[in-house]
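Counted the way numbering that gives the first Met the number 0 counts, the sequence shown spans residues 0 to 580.
If you are wondering where the hints come from, they were derived from the structure by calculation, not from laboratory data.
In this text, a Cβ means the ideal position worked out from N, Cα and C, and glycines have one as well.
Keep in mind that a hint or two might mislead.
Derived PhoX-like pairs: lysine-lysine, alpha-carbon spacing no greater than 25 Å straight-line [to be verified]:
hint, residue 1, residue 2
1, Lys565, Lys147
2, Lys409, Lys347
3, Lys126, Lys320
4, Lys126, Lys318
Okay, the calculated beta carbon distance ranges per label pair [as the list claims (entries may be wrong)]:
hint, residue 1, residue 2, range
5, Asp482, Pro402, 11 to 21 Å
6, Asp482, Asp45, 41 to 51 Å
7, Asp345, Asp370, 35 to 45 Å
8, Asp459, Arg123, 15 to 25 Å
9, Lys87, Ile413, 23 to 33 Å
10, Met352, Asp132, 40 to 50 Å
11, Lys565, Glu122, 32 to 42 Å
12, Gly195, Ala127, 25 to 35 Å
13, Asp345, Thr441, 53 to 63 Å
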Amino acid sequence: MVVKLDKVDVVIVGTGWAGGVVSAELSKAGYKVVALERGKNVTRDDYIGVKDELRYTNRYEMMQNLAPETITSRNYIDEAALPVRTRKEMMAGTDLGGGSVHWAGATYRWKAYDFEIKSKTIERYGKAKIPNDMTIQDWGITYDEMEKYYDRWEKTAGISGEPDPLGDKRSSDYPNPPMKESPAIRLFKDATKKMGYHPYQVASGNLSQAYTNPDGEQINQCMFCSFCTQYGCDFGAKSDPLVTVIPTAMKTGNFEVRTGSYVKRVLYKGGKATGVLYVDNMTGIEYEQPADVVVLAAFTFTNNRLLLLSGIGRPYNPKTKKGVIGRNFNAQFNITFLGARGFFKDKKFNSYMGAGALGATLSDFAGDNFDHSKLDFINGGGIELRQYGSGAIATNHVPNGTPSWGPEFKKNSIYYTNRSYVAWYTMATMSYWHNFVDLDPTYTDSFNDPLLRITYKYTDQDKNMAKFGIEKCSEIMKEMGADIVDEDEVPQEFDHVYDGGHYAGGVIMGADPETSAVNNYLQMWDVDNLFVVGGSAFPQFAGHHPTATIGALGYRASEGIEKYLKNGGQLVKGKQESASV
Numbered sequence: 000m001v002v003k004l005d006k007v008d009v010v011i012v013g014t015g016w017a018g019g020v021v022s023a024e025l026s027k028a029g030y031k032v033v034a035l036e037r038g039k040n041v042t043r044d045d046y047i048g049v050k051d052e053l054r055y056t057n058r059y060e061m062m063q064n065l066a067p068e069t070i071t072s073r074n075y076i077d078e079a080a081l082p083v084r085t086r087k088e089m090m091a092g093t094d095l096g097g098g099s100v101h102w103a104g105a106t107y108r109w110k111a112y113d114f115e116i117k118s119k120t121i122e123r124y125g126k127a128k129i130p131n132d133m134t135i136q137d138w139g140i141t142y143d144e145m146e147k148y149y150d151r152w153e154k155t156a157g158i159s160g161e162p163d164p165l166g167d168k169r170s171s172d173y174p175n176p177p178m179k180e181s182p183a184i185r186l187f188k189d190a191t192k193k194m195g196y197h198p199y200q201v202a203s204g205n206l207s208q209a210y211t212n213p214d215g216e217q218i219n220q221c222m223f224c225s226f227c228t229q230y231g232c233d234f235g236a237k238s239d240p241l242v243t244v245i246p247t248a249m250k251t252g253n254f255e256v257r258t259g260s261y262v263k264r265v266l267y268k269g270g271k272a273t274g275v276l277y278v279d280n281m282t283g284i285e286y287e288q289p290a291d292v293v294v295l296a297a298f299t300f301t302n303n304r305l306l307l308l309s310g311i312g313r314p315y316n317p318k319t320k321k322g323v324i325g326r327n328f329n330a331q332f333n334i335t336f337l338g339a340r341g342f343f344k345d346k347k348f349n350s351y352m353g354a355g356a357l358g359a360t361l362s363d364f365a366g367d368n369f370d371h372s373k374l375d376f377i378n379g380g381g382i383e384l385r386q387y388g389s390g391a392i393a394t395n396h397v398p399n400g401t402p403s404w405g406p407e408f409k410k411n412s413i414y415y416t417n418r419s420y421v422a423w424y425t426m427a428t429m430s431y432w433h434n435f436v437d438l439d440p441t442y443t444d445s446f447n448d449p450l451l452r453i454t455y456k457y458t459d460q461d462k463n464m465a466k467f468g469i470e471k472c473s474e475i476m477k478e479m480g481a482d483i484v485d486e487d488e489v490p491q492e493f494d495h496v497y498d499g500g501h502y503a504g505g506v507i508m509g510a511d512p513e514t515s516a517v518n519n520y521l522q523m524w525d526v527d528n529l530f531v532v533g534g535s536a537f538p539q540f541a542g543h544h545p546t547a548t549i550g551a552l553g554y555r556a557s558e559g560i561e562k563y564l565k566n567g568g569q570l571v572k573g574k575q576e577s578a579s580v
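Build out the structure end to end from the sequences listed, making use of the hints.
Here's what the structure looks like:
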C-alpha cells in the first residue's frame, strides 16, 4: 500500500548541482521543498582522511551499484542491446550531492556559438556544412542571456580562474584568482604561446584561497592533495553541493532531503504532474509525495528513464524521426578524450602533487574559433594539460611498445615515473538521428521496470575531429620537448564504456516543441508544472566540460519555477522551426 504524504510546494529528484541549486533558491524564497536522493546521506566528515585508491579508484565506491539497475547499450538500431554490468564500464554518481561531489573541478563556460550552433553554422558556411543525419539545434537561449547565470554559479561555487583570452564577454571576473602554475603547466603555456596560441589557466572548482560565497558558505583553500576525481574532498576545498547549496537550503528551515529514496514514477493526471512515487530503500515502503511543482534534476539517464516510464512527453521514434523524449542523446565519450602523451628523458616533474582542475588549456581550436571551411567537421574542442596528481596504483605510464610485464616494463615504469604528461582534446559531440535512448524491451531492474537502452555509434564527424585534435596535441607535445610522443588511436566503434560521466540529451532544450522537450526555463512544453534540469537538456555537447553550464541552468530553472509558482502557465511561447533532418 502506498503511503500518501502531505503536499509540498516543490519536490526535486536529485541532489547534485542541478537539484542543489534549485533546492537552495526555492527554499530561500520561502517555498517548502523536499529533495529525494537515491543514495545515502553523506557529509564532508565522511571523506576526512579517506585517500584510498583501492576503495575509490579501483572499486568505485562513490558510484551507483549496477546490480539493481543499469543501462543497456548497442551501436545500431537493428542490434540487441546488452546490459552494462560493472562500475568500471559505467560510472554514475550516487549519494547526497550526486556526481557533483566526485567531479574533478574543471570549469568552462560554453561559447556563444554553442548556444546558436545551427543558425551560426549556416550563417557562416551554408546549410550544406551540416550533414543530413545530424540533428543539432539552437538552444532557445543565447550566451548573452545565459551569462548572468554563469556569473551567479561561479560566485556560489567560488571558482578560481582567469578569463579565456578568446572567450565571450563576461560581466565580472572569477571570484578567486587562478590556481598555482606548476613547472609542467608553465612548459605547456610557453610552448603553446610560441606556437601562436592563447593558453590560460583552467578555471577551477578546487579553490586557490579560502572563500565565503554570497550565501555565507565557507569553502577552504586547496591543499593539492591529488584526491579529487572520484573522491569527495576532505578539506572542504572543492566546490560541490555539500559545502555550498545544500547547507544553504538546510539553513532556511524550508528544506528537507530524504536519502535512500528511489523515485519510480512521476505521477501525472489531467495534464499536470501531481507528485512522485518513490520507495524507501531500507524499508521497501512506497510513498507518494504530492507537490505543486515537480523537478527532475537527476543524472541524464534517470531524467530520461523517469519520463519514459511515467508516460510523459512524446517518445522519440528513430524510424519516423518524430517525438522528443530520448532524442539527441549525446556525450563526451571516450573518443572525445583523445590526445598525445609525451615522455621526457631530461625533465622530471612532481606529478604526485596536484588537483582535479590544476592545469592549462587553450580554446584556439574550440567552437568556431577557427575556420572550418576546408575541414570535414564542425565545432571543435579545448586542448588541456592537467596535473591531477598521480595515484600510486592507478598511474603507471610507459611508452608504447613496452611489454606489459617483465624486466623492460619494470625498468620503464620506474624511469618514466614523473616524466610524462598528456595533452588531450575535449572535443564537442554533435547529435544525430540514430543516437537516442528508449526503454529496453528485454531487460528490467529489480522492480521489473524496463532498463534504459542507449543506441549510439561514432560518426565520420567524430572520427575526423578526433584525428584533428590528436594531431594538434602531438604537435604541442613535441614543442614541449618530449623525446617520445605516443598518439592515441581513434576507435572505429563505440565500446559501450560509460566511464566519463558527461552524458547528456534526451530531454533537450529548444524553441520549437516539435523538436525539444523543454523550453529555455527547463519547463516541459507538455506539462507546465514539470521542470527537467541538468545535462539532459543539452541539444548537443560543446567542446568543454559541462558542470558550469549545468549550474547555470539550475539558476535559470529556479527563476522559471518561481515565476510559475506565482503566475502559472507556460513561461515561453513555442515557435515552429525547420527540422534538421
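Comparing the hints with the structure gives:
{"no.": "1", "hint": "Lys565 - Lys147", "in the structure": "holds (22 Å)"}
{"no.": "2", "hint": "Lys409 - Lys347", "in the structure": "holds (18 Å)"}
{"no.": "3", "hint": "Lys126 - Lys320", "in the structure": "holds (20 Å)"}
{"no.": "4", "hint": "Lys126 - Lys318", "in the structure": "holds (23 Å)"}
{"no.": "5", "hint": "Asp482 - Pro402: 11 to 21 Å", "in the structure": "holds (20 Å)"}
{"no.": "6", "hint": "Asp482 - Asp45: 41 to 51 Å", "in the structure": "holds (44 Å)"}
{"no.": "7", "hint": "Asp345 - Asp370: 35 to 45 Å", "in the structure": "holds (37 Å)"}
{"no.": "8", "hint": "Asp459 - Arg123: 15 to 25 Å", "in the structure": "holds (21 Å)"}
{"no.": "9", "hint": "Lys87 - Ile413: 23 to 33 Å", "in the structure": "holds (26 Å)"}
{"no.": "10", "hint": "Met352 - Asp132: 40 to 50 Å", "in the structure": "holds (46 Å)"}
{"no.": "11", "hint": "Lys565 - Glu122: 32 to 42 Å", "in the structure": "holds (38 Å)"}
{"no.": "12", "hint": "Gly195 - Ala127: 25 to 35 Å", "in the structure": "holds (30 Å)"}
{"no.": "13", "hint": "Asp345 - Thr441: 53 to 63 Å", "in the structure": "holds (57 Å)"}
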